[in-house]
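S.K.: Here's the letter readout for the chains.
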Amino acid sequence: MAYEKFTILRSSAVPMPNENVDTDQIIPARFLKATERKGFGDNLFRDWRYNNDNTPKADFVLNMPTYSGKILVGGKNFGSGSSREHAAWAIYDYGFRCVVSSFFADIFQNNSINVGILPVQVSPEFLEKIFAAIEANPKTELEVNLPTQTITLLATGESESFAINEYKKHNLTNGYDDIDYLLSMEEEIAVFAETRPF
Amino acid sequence: MSTPQTLFDKVWDAHVVRHVKDGPDVLFIDRHFIHEVTSPVAFLGLEGRGAPVMFSGRTFATADHNTPTLNQHLPVADLLSANQLAALERNAAKHNISHWGLGHIKNGIVHVVGPENGITLPGMTIVCGDSHTSTHGAFGAIAFGIGTSEVEMVLATQCIMQPKPKKMRITVNGKAGKGVLSKDVILYIISQTSASGATGYFVEYAGEVFENMSMEGRMTVCNMTIEMGARGGMIAPDQTTLDYLKGRELSPKGEQWDKLVPYWQTLKTDEGATFDLDLTFDAADIEPQITYGTNPGLGTGVTHQIPMADTVKDGSASYKKSLQYMGFAENETMLGKPVDFVFLGSCTNGRIEDFRAFASIVKGRQKADNITAWLVPGSHVVEKQIKDEGILDILTQAGFELRQPGCSACLAMNEDKIPAGKYAVSTSNRNFEGRQGPGARTLLASPLVAAAAAVTGVVTDPRGLMDNV
Ligand code: SF4
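Those sequence lines, one after another, are chains R and L. For what it's worth, the numbering used here labels the leading residue of the first sequence as 67, then goes sequentially. For what it's worth, the numbering used here labels the leading residue of the second sequence as 183, then goes sequentially.
It should be emphasised that the hints constitute simulated quantities derived from the structure, not laboratory data. We put the beta carbon where it would ideally sit given N, CA and C, even for glycine. Treat the hints with caution; some may be incorrect.
To give an idea of the chain R side of the interface with chain L (calculated C-beta under 8 Å), a few residues [unchecked claim]: (1) ASP113; (2) ASN143; (3) SER148; (4) ALA259; (5) ARG262.
Per label pair, the in silico range of CB-to-CB distance [to be verified]: (6) ASN240/R with GLY359/L: 52 to 62 Å; (7) GLY356/L with GLU102/R: 46 to 56 Å; (8) THR185/L with SER227/R: 28 to 38 Å; (9) TYR133/R with LYS495/L: 25 to 35 Å; (10) GLY356/L with LYS205/R: 54 to 64 Å; (11) ARG430/L with ASN118/R: 41 to 51 Å; (12) LYS205/R with THR185/L: 47 to 57 Å.
Taking lysine to aspartate or glutamate pairs in the EDC-like style, the calculated list, with each CA pair at most 16 Å apart, reads [unchecked claim]: (13) LYS203/L with GLU232/R; (14) LYS545/L with GLU583/L; (15) LYS235/R with ASP204/L; (16) LYS360/L with GLU469/L; (17) LYS71/R with ASP246/R; (18) LYS195/R with GLU224/R; (19) LYS566/L with GLU583/L; (20) LYS346/L with ASP191/L; (21) LYS99/R with GLU597/L; (22) LYS99/R with ASP260/L; (23) LYS192/L with GLU453/L; (24) LYS348/L with ASP460/L.
Take the sequences, apply the hints, and build the full model.
M.R.: Right, dumping it as structure tokens:
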């Protein structure tokens, strides 16, 4: 499924310092019943975001008018748990294009890139700086630069570089996905399949 | 002499179609399982591209996540669930994929029916849009969960693109003590490594404890490997593995079997091969386990107290939030805590051995009045075994009912939801906030600990109830 190309993103950010935010929180299982990929943003963080009577919880960060932006900044071990790609869809559909954390769960990281979200892993110290900067000024802007692989706090110019492999970077910058790549090597795969013993 | 290799290296390297420069490996996938929840959007994507399924014979479909566990002969009442089930059936038929839907004699939880029918074999790569695909690693396969984009990828090209993970070996020496099941071994390991301690790794299990384990027990261990953040876990195939596989419906037969056995015997870590991380534990340190927090790493021996916040690795703010959700406090004793629900089932503990263990405790006793128990076999095959072995009679006499196979309260997508604020001792794999229903509080444990809670109504050390068996 096509997604927006990612190059340079400048935006304010939404802070969510909780550690171990798991995909059951990002999108609870009962919202996985769709057969199409749409509308998941409405249920992003459903049980943290809404009361049982569907009224918004005023103290949850997505319901606070102070915070907005295309960058979600999460605590350590973000996206652990279930492999549901719906978690990444919900984040994308809500309008986030980048998630920053000091540590990501493997499958979440994979899924994010596959749907066009850039996961940026920073040092625990830099993560603290980002949280502090947002606390001081909720409108403070971050710049996430994929070509140079850097993330910068624009107010102070403090910056850190992040890792991403060249292949994934190429895909994200061009809006390609793995399937486009694999379909181009169909014959090679067919020949390989012949060699499998089962 | 060639360099010594690990089991993981041997299986991985045999599946690399191409190394992408500065990128992931293109990995050929031998078996692909699909279910109703994570496949519909993949099929839509496939249609959007106009791509066919490349090898329909390598994909197997079963309905499990969303299915009711009562009255399966009636139409599924929940419309959205019914839609997903219908989509799976339609997509499977259209693309010529074998489909064991609701009501089919072979239907059940994907990670139970795969091994049980001989679809899972040593040396394979196996993926499914479900993180507990790691279960199949018990057979010496590389098996892991994937996202929906990757499901589409496998349907279209039978490959996925993955960077090769780091390697970890976890050795547990010695013999498991009384009342200590495979579930306790893995819960103990996760409590020692934390819920993120193995992120980026693929784990191989070694040592006497795993060598002595049945295939069911090994599946429980590999199943929960994902709960420490690992991509998956595997155990080298041995005679136990071959005995389990021989004669299963889709296992290789005759000449093909004879040819594969010598190959399978090479699937073990060579002497001198190295791991990025090597951990060793002693079975003597493991007692029946129970979790008290909201991730599977927050567990301890059932006779222990809840640790103080300043002693846990995971950061004390989230730890305290976790205890608050559970309604627990630091230093409280787990024994005697009231329980409302007991869930026996899931791809972690929904196999025949788990029902045998549960029955060994409830035999001759009665279900406690305050307990609602959901006993859900992992498949129809397990259900039949329960009946044939007389376990159903034991359960019924003790006041329990058996439900029909499916994922059920493991992820509470169907109507089997634990109500808000209630405590469930559950043999499944995740105790996250709301995993078993909004506001539900989950204590993960083995089938023995679950049975002990079911007959006493509180958290109980099963060892005290084992003398009569
Ligand atoms: S039983 Fe639970 S973990 Fe296993 S496949 Fe079903 S939902 Fe996933």
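S.K.: Each of the hints needs a verdict: does it hold here or not?
M.R.: Verification of the supplied hints:
With a least beta-carbon distance of about 5 Å to chain L, the hint placing ASP113/R at the interface is held under the 8 Å criterion. The criterion of a C-beta within 8 Å of any C-beta in chain L is met by ASN143/R, whose closest approach is roughly 4 Å, and the hint holds. Checking SER148/R against chain L: minimum C-beta separation of about 6 Å stays under 8 Å; hint holds. The restraint placing ALA259/R at the interface with chain L holds, with a minimum CB-CB distance near 7 Å, inside the 8 Å limit.
Interface hint at ARG262/R: satisfied, since its Cβ lies 6 Å from the closest Cβ of chain L, which is below the 8 Å cut-off. Our hint of 52 to 62 Å for ASN240/R and GLY359/L holds, since their Cβ atoms are close to 57 Å apart. Range check, GLY356/L to GLU102/R: Cβ separation about 52 Å, and the 46 to 56 Å hint holds. Restraint check, THR185/L to SER227/R: a C-beta distance of roughly 34 Å satisfies the suggested window 28 to 38 Å.
At roughly 29 Å, the beta carbons of TYR133/R and LYS495/L sit within the given window of 25 to 35 Å. Roughly 58 Å separates the CB atoms of GLY356/L and LYS205/R, a value that falls within the hinted 54 to 64 Å. A hinted range of 41 to 51 Å holds for the C-beta pair ARG430/L and ASN118/R, which are about 47 Å apart. Here the CB-CB span from LYS205/R to THR185/L is close to 56 Å, well matched to the stated 47 to 57 Å.
At most 16 Å may separate the alpha-carbon atoms for a hinted pair to count; LYS203/L and GLU232/R meet this at roughly 8 Å. Using a Cα cut-off of 16 Å, the hinted pair LYS545/L and GLU583/L holds, with the two alpha carbons roughly 14 Å apart. Using a Cα cut-off of 16 Å, the hinted pair LYS235/R and ASP204/L holds, with the two alpha carbons roughly 10 Å apart. With a C-alpha separation of about 8 Å, the suggested pairing of LYS360/L with GLU469/L holds against the 16 Å cut-off.
A hinted pair counts as satisfied when its Cα atoms are at most 16 Å apart, and LYS71/R with ASP246/R qualifies at roughly 15 Å. For the hint pairing LYS195/R with GLU224/R, the CA-to-CA distance comes to about 9 Å; that is within 16 Å, so the pair holds. Restraint check for LYS566/L and GLU583/L: satisfied, since their Cα atoms lie roughly 14 Å apart, inside the 16 Å limit. Of the supplied pair hints, the one linking LYS346/L and ASP191/L holds, its CA atoms being roughly 9 Å apart against a limit of 16 Å.
Note on LYS99/R and GLU597/L: the hinted pairing holds, with a Cα-Cα distance of about 13 Å set against a maximum of 16 Å. A threshold of 16 Å between alpha carbons decides the hint, and for LYS99/R with ASP260/L the separation of about 10 Å falls inside it, so the pair holds. Pair hint LYS192/L plus GLU453/L holds up; C-alpha atoms about 13 Å apart against a cutoff of 16 Å. Between the alpha carbons of LYS348/L and ASP460/L the distance comes to roughly 11 Å, so the proposed pair stays at or under 16 Å and holds.
Taken one by one, the earlier hints all hold for this structure without exception.
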